[in-house]
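So the sequence lines, in the order shown, correspond to chains A and B.
Letter 129 of the first sequence, counting from 1, is numbered 129 in the UniProt record's numbering, and no numbers are missing.
Letter 86 of the second sequence, counting from 1, is numbered 86 in the UniProt record's numbering, and no numbers are missing.
Rather than coming from a laboratory, the hints here were simulated on the basis of the structure.
Being a predicted model, the structure only gives us computed values, none of them experimental.
Partial selection, computed: residues in chain A whose CB lies under 8 Å from chain B:
1) 130
2) 148
3) 166
Partial selection, computed: residues in chain B whose CB lies under 8 Å from chain A:
4) 12
5) 13
6) 31
7) 62
Beta carbons: idealized from backbone N, C-alpha and C, even for Gly.
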Amino acid sequence: MSTAATADASSSGDTTEGSVRLLTLQSEDGEVFEVKETIATQSVTIKGMVDDDCATSTIPVCNVTGRTLAMVIEWWNKHEIGAVSNEKELKEWESQFDTIDDKSDRDDVYDLLMAANYLNIPTLLDCCTSAVAEAIKGKSTDEMREFFDIKSDFDEKEEDALRKENQWAFEN
Amino acid sequence: MSTKVIKRKKKLDRLSNLPEPIIFHIHSLTNTKYAVQTCVLSKKWRHHWTHIHILNFDFSSFSRRAALGKFVLRILRHRKPFNLQRLRFHYGYSSSKPPPYIKKIFKHAISHDVKELETELYELPPCVTGVKL
Chain A
1 MSTAATADAS
11 SSGDTTEGSV
21 RLLTLQSEDG
31 EVFEVKETIA
41 TQSVTIKGMV
51 DDDCATSTIP
61 VCNVTGRTLA
71 MVIEWWNKHE
81 IGAVSNEKEL
91 KEWESQFDTI
101 DDKSDRDDVY
111 DLLMAANYLN
121 IPTLLDCCTS
131 AVAEAIKGKS
141 TDEMREFFDI
151 KSDFDEKEED
161 ALRKENQWAF
171 EN
Chain B
1 MSTKVIKRKK
11 KLDRLSNLPE
21 PIIFHIHSLT
31 NTKYAVQTCV
41 LSKKWRHHWT
51 HIHILNFDFS
61 SFSRRAALGK
71 FVLRILRHRK
81 PFNLQRLRFH
91 YGYSSSKPPP
101 YIKKIFKHAI
111 SHDVKELETE
121 LYELPPCVTG
131 VKL
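Build out the structure end to end from the sequences listed, making use of the hints.
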């Protein structure tokens, strides 16, 4: 099976496919996905629901759009034990998530970060956090403000004073 | 919802609005110098860097060795006293003679229960025992 994600599948709760139990996840914008339980439990949040027997009906994934949830499921599929033959192949595949080249990549990483945080998926959270850290690296204050759309609420005097106070961090 | 938020995707500062633990983790993953530099971005960012749980000192981001020393000592003084997950101290060359402030760094790391230590220095202060190197 190439992907466990099926949009607009049955929303009647958990079903089985062969001997594998399927969970039904619903994104914030109403998209429904059926995912193998063995895959979805890479999410600590979902695993907790399964363990507590609370995953018998459709699981709403709040604040995560269908587009992002599809990416998360793709992540789970690749990280399923045996999905890729070696660590190198997995790292190569992950590299599409761990670099932020433009603002569109940046927004995808934010979406994935929020999803990984809500669903508690440590591997995805680590990858996206590293991507942001890497994007910060070497940027000047103005470049950071521009790239991340951060608006300064310091007046010029305050900023100058702060720079002076932390001069040791701005020295080359 | 009756009040509709006007979508200005390009100007939305989502980084500042990420959950704080994520921001602290992002800081911990960067060179500590870059983490501290974010203090001038906006008022919200002013003290974020003090929550770092990984110290990553890299001499290659300083042109003067003395500047690194000054930087390191300030960080130790100003960071919140959380336990340290990792200390990385990259002095730029394998010197048998560690810089004079090295003792303070390792003492700080050990007193904050550091789990991992990474350095290319050969000669470490005697206080470094029982730490995963």
